[in-house]
Structures are given as structure tokens and as C-alpha cells.
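Following the hints, position chain B against chain A.
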Amino acid sequence: AAGVIQSPRHLIKEKRETATLKCYPIPRHDTVYWYQQGPGQDPQFLISFYEKMQSDKGSIPDRFSAQQFSDYHSELNMSSLELGDSALYFCASSSDRGPIETQYFGPGTRLLVL
Amino acid sequence: SQQGEEDPQALSIQEGENATMNCSYKTSINNLQWYRQNSGRGLVHLILIRSNEREKHSGRLRVTLDTSKKSSSLLITASRAADTASYFCATLLSGSARQLTFGSGTQLTVLP
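Going down the list, the protein sequences come from chains A and B. Counting from 1, one number per residue, gives the positions in the first sequence under our numbering. Counting from 115, one number per residue, gives the positions in the second sequence under our numbering.
Don't read these hints as lab results, they were simulated from the structure. Treat the hints loosely; a few may be bogus.
Computed footprint of chain A on chain B, listed as stretches where at least three residues anywhere in the stretch have a Cβ under 8 Å from a Cβ of chain A [to be verified]:
(1) 150-158
(2) 174-186
Here are the simulated DSSO-like pairs of lysine-lysine, each with C-alpha atoms no more than 27 Å apart in a straight line [as the list claims (entries may be wrong)]:
(3) A:57 - B:170
(4) B:170 - B:183
(5) A:57 - B:140
(6) B:170 - B:184
All C-beta atoms, glycine included, are put in the ideal place defined by N, C-alpha and C.
Just chain A, with the same shape it has in the complex (with noise of 0.2 Å):
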């Protein structure tokens, strides 16, 4: 079965610089979440999206900002890195039409900010 997508699986910036993250979730699921795992720590919750509208927003920085797109994938753009930003990225995808909503999560995205 089709899982969730994740481009690129390893990136490596330097401080200051921009960084675009790529989601694309499993086929005829509606919504994308973005979450954020620092190194020991838990993944945090940044952002979703439902039918390619914002629809709970976390603990995003203002720096960051993210898009769904027509064809229901997702990026995340980062600008302005900081060597905190360093983490692996999470996306996940759900639906809606199940009777109970399950995230499926990607590989991730690991960050390098050096």
C-alpha cells in the first residue's frame, strides 16, 4: 500500500538560508500535519491542513510557513534557519472517511543546520 512521501530524506543548511520540505500524503486522504522532533525530544505539532485550507496551527515559528496544494501534497518553507531549527520533520496524512482518524506518518525529513 501507497505510504506517505517525504523529499528529501536528509538536508543540510547553513544558518541563514532557506529550506523547502515536501509531503505528499497517501492518495484520498484529506489532510496533512506537520511535526517538528527535535533531537531526544517528542515530535511537536507545527501545522495542518484540511482540503488544502489551514486548519490547526502549533508551534510554528513565524519564520516557517506551509502550503497544501491542489493535489493535496504539502510543503514546508523555512527561512532564516536557525541551528535550533535541526530536527527530523515529520508529515502525516489522514482522513476523514474512516470511522476513526488514524495519522499515518513519513520517513521524515532530517534538518541540518549548520
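Here is chain B on its own, set in the frame of chain A:
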């Protein structure tokens, strides 16, 4: 503060033993889920228990939920070395919010 807090933070057992991890949360939930994460890898969904359920089984996993105490436990029976990973509980809050709130995780080490 975290919605979910887990204990113990780290657990080391011998292969064949059972492992029990606990999770507490603070607000009303729609459901509670357990995830597994191998070091630096992706999150794997293990099991979901709804707020109106008290116990659920899946293979060697047994999850309980006590909404009056706002706590859950994950029991892994007959553990294997391959069960070594971090285990997180995550809650889906009641209401319209759809994001998961994760606990701090338990690092389980199963020694061969």
C-alpha cells in the same frame, strides 16, 4: 507543558519478559494512540484506543485506558530484542482539534 507524560523514561528488560509503559494526559481526549520509533527513524502507529474503550489487544500488545485517571498503559508481552525502540503515546483531543499531542516517550531496551 506536555499533554502526555510517560513513565518510565527508560526501561531495560531481558528478552522474554513483559514491558509496561505508562502515559498520563491532562485534558479530555477523543482517542489515545501508541507509536513506536526506532532510533532517529519514522513513527510507526501501533494501536489506537477510543475514549469509550477500556482495553484493547493487538498481537503481543495490550493497551488500557482509564479516563477517570487520565492514564493509559502499553504492555508488550514476551518481548524480543527487536522491540528495542522508543514508545510514545499521543492523544487526539476532544473537540475540533485534529493534531496529535505526543508524550515524552519511553526508551525500551530489550537485552538478548
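Item to check | Coverage claim, chain A over the stretch 174-186 of chain B, checked by counting residues with Cβ within 8 Å (three needed) | outcome: With 0 residues in contact (Cβ-Cβ under 8 Å with chain A), the coverage given for the stretch 174-186 of chain B is violated.
Checklist entry - Are the Cα positions of residue 170 (chain B) and residue 183 (chain B) separated by 27 Å at most? => result Within the cut-off at roughly 17 Å; holds.
Item to check | Pair hint residue 57 (chain A) and residue 170 (chain B), alpha-carbon separation not exceeding 27 Å | outcome: violated, 31 Å
Item to check | Pairwise hint evaluation, residue 184 (chain B) against residue 170 (chain B), where the allowed Cα distance is 27 Å at most | outcome: Roughly 16 Å between the alpha carbons, so the hint for residue 170 (chain B) and residue 184 (chain B) holds.
Checklist entry - Checking C-beta pairs, does the stretch 150-158 of chain B have three or more residues closer than 8 Å to chain A? => result holds (count 5)
Checklist entry - Are the Cα positions of residue 57 (chain A) and residue 140 (chain B) separated by 27 Å at most? => result holds, 20 Å
Hints 2, 3, counting from the list given before, are not met by this structure.
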